Each structure stands twice: as C-alpha cells, then as structure tokens.
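A.B. asks: Listed below, chain by chain, are the residues.
Protein chains: 2
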Amino acid sequence: MTDIGSIPKAAVFRLSLYLRELVKFQKTGVKTLSSAGLAAALGFTDVRVRKDLAYFGQFGYPGVGYKVDELIGELKHILGTDRTWDVVLIGCGNLGSALVAYKGFRTQGFNIVGAFDADAKKAGKALGELTIQPMTKLAETVARTGARIAMISVPADQAQAVADQAAGAGVRGILNFAPTTITTPAHVVENSVDLAIRLEQLTFQLRFLMQDSED
Amino acid sequence: MTDIGSIPKAAVFRLSLYLRELVKFQKTGVKTLSSAGLAAALGFTDVRVRKDLAYFGQFGYPGVGYKVDELIGELKHILGTDRTWDVVLIGCGNLGSALVAYKGFRTQGFNIVGAFDADAKKAGKALGELTIQPMTKLAETVARTGARIAMISVPADQAQAVADQAAGAGVRGILNFAPTTITTPAHVVENSVDLAIRLEQLTFQLRFLMQDSED
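Going down the list, the sequences are from chains R and C. First residue of the first sequence? That's 7 in this note's numbering, and the numbers climb one at a time after it. First residue of the second sequence? That's 7 in this note's numbering, and the numbers climb one at a time after it.
Next comes chain R alone, as it looks inside the complex:
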C-alpha cells in the first residue's frame, strides 16, 4: 500500500469522489452502504468501486457492506485530510483573493496561513483576514508556521520562479493555478489546475451533444 507509484492517479481521484459521496450519505443518516450503492450514486460500476478501494485495504464487511463513518475516516486518512494542513498563497491578484475566500478549502482542513506577492506595493494590504507579505518573508513564514503546501496564483511567466522560491523555502507540495506547466525538485510534489482544461473537456462533450440536436 505504501508503494503509491503503482496506484493509478485516476483511482486516487475517485477516492476523493467516494469520500464526498459518503459524506453526503452520512448527512442523510445512512450507516452502511454496499459497493453497488456507492457506485450507483456516482454512475460507476460496483467492480470499479471495489477495485479502487482494494488498492488501499480491505474496508467492507460480508453481508453488511461499508460502514459509512468508518470508511469516511479511512479515506480521509489515506488522502491526508484527517489532519489540517497549513498553506501559503503566492500571488494576491483576483484569483488569489478568490482562493483566500473559497470556503471549500477550510472545510477540507486547509488553512491559508500566509499570503505573498512579488509586487512590493501590495505588501501590508489586507487580503481577507491576512496581510499581504513581500516574497522576502516567505522562507521565514514557512519555517515559523510549518506550512508544507504553497498555492501559486501568479501570471504564467512568473510561475516557475515562484515555484523555485517556494521549494527553496521548504515547501513540499505545490498547487499551481497559473496557466503553464512548472517543474519541481524530486522532493517537492506538484499538481496543476488549468481552469481552461475543464472548459475544454466540457466543449468536447458539448460539441457532440449539439450535433445530435438543434444546433
């Protein structure tokens, strides 16, 4: 199980979907659930659900299925969200402001503990409950707070330089919102969020859907 290299990324992504679905079931008072029940809620096959979960352990009970509370706890542990993570934000433009305000982070255990911008004129200004700091304070803040994650929301042409600074400051994981790819040293993991890709995936579906109807 600790050899995460052999686990498909798509299975890990579906783990996040299972977790969200289980939390919804939990809220409606459901205590136990079959793999078929969880699968149906997401439009997957039950084989898919069982196979995905089997990468991480044995969670079901014969004749019972999954215990909802227990599986939620297990999935949070696997995904690393059974704890809180301190995060620094680099880039305090519109997107950075939106990320600071995004309520979905805090509910999942992500606390933004510092906001940084390369533009010295922004330093000292308020961003939500934070005060924008210059990049020269990044290493100090990372060391003091123990933040291990940086969210980068800077223009594309600044993303690599900022990622290098974050890695140098002791950050171990980078979530990149800039519309470009960045590289990181082997001891720093990186995920990119390209907002246009999501829209492009939508137009792929839309193009075929619209062929079949009015347009």
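Calculated directly from the structure, the hints in this document are not laboratory data. Do not take every clue at face value.
The list cannot tell twin chains apart, which means a pair is met if one copy fits it or any two copies do.
In silico PhoX-like cross-links for lysine-lysine, where the CA-CA straight-line distance does not exceed 25 Å [stated by the list, open to error]:
| # | residue 1 | residue 2 |
| --- | --- | --- |
| 1 | Lys143 | Lys33 |
| 2 | Lys143 | Lys127 |
| 3 | Lys109 | Lys30 |
| 4 | Lys127 | Lys109 |
On a predicted model such as this, the values are computed, not experimentally measured, just so you know.
Could you slot chain C onto chain R? The hints should help.
C.D. replies: Same frame as chain R, but now just chain C:
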C-alpha cells in the same frame, strides 16, 4: 468516433494535455514528433499516447510520426476549441472576478460575454470590461449572444438553483465552480471544478513523500 460514451474520460483529459504539449513543441519550431517523443514529454508510455489518439482517428505517418501543426488542428477540432465559445458567468464574487480576469480562457477561445449576479445591488457595477447584470436578464443575453456555456461561481447553496436557471435560459454546458454537486437535464452537460479536490490529491502524494524523509 461519434459514440463518445465509449471513450474513457481520462483519455479525453489526456487529449488536452497532448494539445498543450504539442503547442509547446510548435513554439520551439518542432515540425514532426513520434508518439514516443510526445509520451516522454508528459511521462506517459508511447503505447498510451497511440491508444488514446486511436479513439479519435489515425493521425501518424509511417516513418515520420505526427505532423505537429496538423495534429494540433485535429485535437483542437476534437476538443471543440478550433472555434470560439461565448460563455456567461453567473456569480460575481471574488472567484467570478478571477474567472473574468483569467487569461487562460481567452487564449483557448472562451469569451465571457455576460456577467450575472443574484444580488441586485451588484447590477450595473463593472467587472473587468463587463457590466454585472441581474439574473432576470440571463435568458435575454443567452438568446442574443448565442452563448451555450455558463460558468457558475456562486455559493454552494445557490448552485443548483442557478444551474436550473441557466438550463432554462438555453445554456447547454455548465462549468460549476461551487463546492457542491449539481444535476442537469439530459440535454445539458455539466463539469464540476472542486478546487479542494486538487489540494486533497496533492496531500495524498505529500503524505507518502513526507513519510520517506524528514517529517
């Protein structure tokens, strides 16, 4: 090829990655490329690349590989980004403001042609080059501009109602940024962008990475 239901979503997603990589190759003057070359740039196997592209047609030339310009054109056509798409934005808070300013959309052919907010006090205010409109103007704008896509950046508890209004106004595709799931009628496709999921996928990797080292 038009039976898109049989094509794995992950393959369509990788198509977007191939396209971005090919554009980078094009910028550096590369004219032809093997599947192995494209695969190596992304850390995939060449079998993966060939198999993904085979869902959509036959693009390589024996002894030559892929012609970069041509394959870019083909992939854009498949993904529906060989044209421009007019998009309406619903929800003009921080995230909506960031989406309007996000340069990655326009470069991919997505133009935000209208911005709407349920808060009547916001109506008439400027958002980038747009003027925020009340929701009562949504159907009229969709009809006038022919916009087929809505981006939703409202609080979670308003997302479903807003999606229903967008579908009612004639939108055919919804990109949902609210941290909740929404359902749409069969003739409307929906993709959700849960920003916290990306962070959660990062902590999954990070947790294992940190086990192997200092922390």
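A.B. asks: A separate judgement is required for each hint: does it hold in the structure or not?
C.D. replies: Here's how the hints hold up against the structure:
1. Lys143 / Lys33: Classified as neither; 42 Å inside a copy, 36 Å across copies.
2. Lys143 / Lys127: within (14 Å within a copy, 39 Å between copies)
3. Lys109 / Lys30: Within one copy, since 17 Å is at most 25 Å while 35 Å is not.
4. Lys127 / Lys109: This pair counts as between: shortest inter-copy Cα distance 23 Å, intra-copy 27 Å.
The structure fails hint 1 only (numbered hints given earlier).
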